[in-house]
Amino acid sequence: MRIEAAAIICAVRAHGEHGAVVRAVTRDHGLLAGYVRGGRSRRLRPVLMPGNVVQAEWRARTEDQLAGMTAELVHSRAPLLTEPLPAAAIDWATALAAAVLPEGQPFPRLHDALDGVLGAVEAAPAARGWAVALARYELLLLAELGFGLDLAACALTGGVDDLAFVSPRSGRAVSRAAAGDHAPRLLRLPPFLLAGGAGDWPDILDALRLTGHFLSRDLLNDRRSEILAARERLIVRMQGAA
Numbered sequence: 001m002r003i004e005a006a007a008i009i010c011a012v013r014a015h016g017e018h019g020a021v022v023r024a025v026t027r028d029h030g031l032l033a034g035y036v037r038g039g040r041s042r043r044l045r046p047v048l049m050p051g052n053v054v055q056a057e058w059r060a061r062t063e064d065q066l067a068g069m070t071a072e073l074v075h076s077r078a079p080l081l082t083e084p085l086p087a088a089a090i091d092w093a094t095a096l097a098a099a100v101l102p103e104g105q106p107f108p109r110l111h112d113a114l115d116g117v118l119g120a121v122e123a124a125p126a127a128r129g130w131a132v133a134l135a136r137y138e139l140l141l142l143a144e145l146g147f148g149l150d151l152a153a154c155a156l157t158g159g160v161d162d163l164a165f166v167s168p169r170s171g172r173a174v175s176r177a178a179a180g181d182h183a184p185r186l187l188r189l190p191p192f193l194l195a196g197g198a199g200d201w202p203d204i205l206d207a208l209r210l211t212g213h214f215l216s217r218d219l220l221n222d223r224r225s226e227i228l229a230a231r232e233r234l235i236v237r238m239q240g241a242a
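For the sequence shown, my numbering gives the first residue as 1, with consecutive numbering after it.
Heads up, a few of these hints could be off.
Listed next, with one range per pair, are the computed distances between beta-carbon atoms [claimed, not checked]:
id, residue 1, residue 2, range
1, GLY116, HIS182, 34 to 40 Å
2, VAL160, ARG233, 23 to 29 Å
3, VAL160, ALA60, 19 to 25 Å
4, PRO79, PRO108, 26 to 32 Å
5, ALA242, ALA5, 37 to 43 Å
6, SER225, ARG169, 18 to 24 Å
7, GLY180, ARG45, 53 to 59 Å
8, THR157, THR62, 52 to 58 Å
9, ALA5, VAL236, 34 to 40 Å
10, GLY104, ALA241, 35 to 41 Å
11, GLN239, ALA198, 15 to 21 Å
12, ASP181, ASP28, 49 to 55 Å
13, PRO202, GLU4, 44 to 50 Å
Keep in mind that the hints were calculated from the coordinates and are not lab data.
Since the model is a prediction, treat every value here as computed from it, not as a measurement.
Idealized CB from N, CA, C, for every residue including glycine.
I would like the entire structure built from these sequences, with the hints used as guidance.
Here's what the structure looks like:
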């Protein structure tokens, strides 16, 4: 097996005295894991940082074997890792991809969405400029992995007007009128998730509560508690910026 492709570094784990097992997502081959010899060296540590784009090569004798991986830096986002809020966003977005994407299955829309979120974090002068993209990335990830929310019409009436909530059980939209007294038990549906455009901080935080509920229930379990901890750190920092 030999694959050569541009990839976004998503996770790096120490392996042995000097090496590292790296997970990176490519557009055409999906998430790929590989062992990088000397991956913890002074030369390679700045290359193998989550969020960086590399030109990578994977080689293995069989498809079941952990591939050997080499990587050359194409684009570094390391300067962002010195800023707490952008660093938390990069940490969460890449860790989520590494945790939930099945290896070797291409998800080009997710690759492009992740690249878009990271680019927005890099380009936006304020967090509100990229937080909307992050919420949409999480929503797309749920859909691509088979757990998409049904936001097209009210689950109770079939109407498409004034959709304001989502059922935490079914993942279906509910209109304001149909929610009635049950509204406090439902998840708020921010308008920008339906209509596009920007959102203010209350809408953004509600969107992340919405996607976080279904990510935790459907894709993340107790074995990935450290992943959810990364998300909690991000939310806390966002609340401080709001």
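Going through the hints against the structure:
1. GLY116 and HIS182 have their C-beta atoms about 35 Å apart, which keeps the hinted 34 to 40 Å range intact.
2. The beta-carbon spacing between VAL160 and ARG233, approximately 37 Å, falls outside the hinted interval of 23 to 29 Å.
3. A hinted range of 19 to 25 Å for the beta carbons of VAL160 and ALA60 is inconsistent with their spacing of about 50 Å.
4. Here the CB-CB span from PRO79 to PRO108 is close to 28 Å, well matched to the stated 26 to 32 Å.
5. A hinted range of 37 to 43 Å for the beta carbons of ALA242 and ALA5 is consistent with their spacing of about 38 Å.
6. For the pair SER225 and ARG169, the supplied restraint of 18 to 24 Å holds, since their beta-carbon distance comes to about 23 Å.
7. With their beta carbons about 56 Å apart, GLY180 and ARG45 fall inside the hinted range of 53 to 59 Å.
8. For THR157 and THR62, the Cβ-Cβ distance of about 55 Å falls inside the hinted range of 52 to 58 Å, so the restraint holds.
9. Between ALA5 and VAL236 the C-beta distance comes to about 35 Å, which sits within the given range of 34 to 40 Å.
10. The given range of 35 to 41 Å is respected by GLY104 and ALA241, whose C-beta atoms sit roughly 37 Å from each other.
11. At roughly 18 Å, the beta-carbon separation of GLN239 and ALA198 lies within the given 15 to 21 Å, and the hint holds.
12. Between ASP181 and ASP28 the CB atoms are about 50 Å apart, so this pair conforms to the stated range of 49 to 55 Å.
13. In this structure the supplied range 44 to 50 Å holds for PRO202 paired with GLU4, their Cβ-Cβ distance being about 45 Å.
Violation of the numbered hints given earlier is confined to hints 2, 3; the remaining hints are satisfied by the structure.
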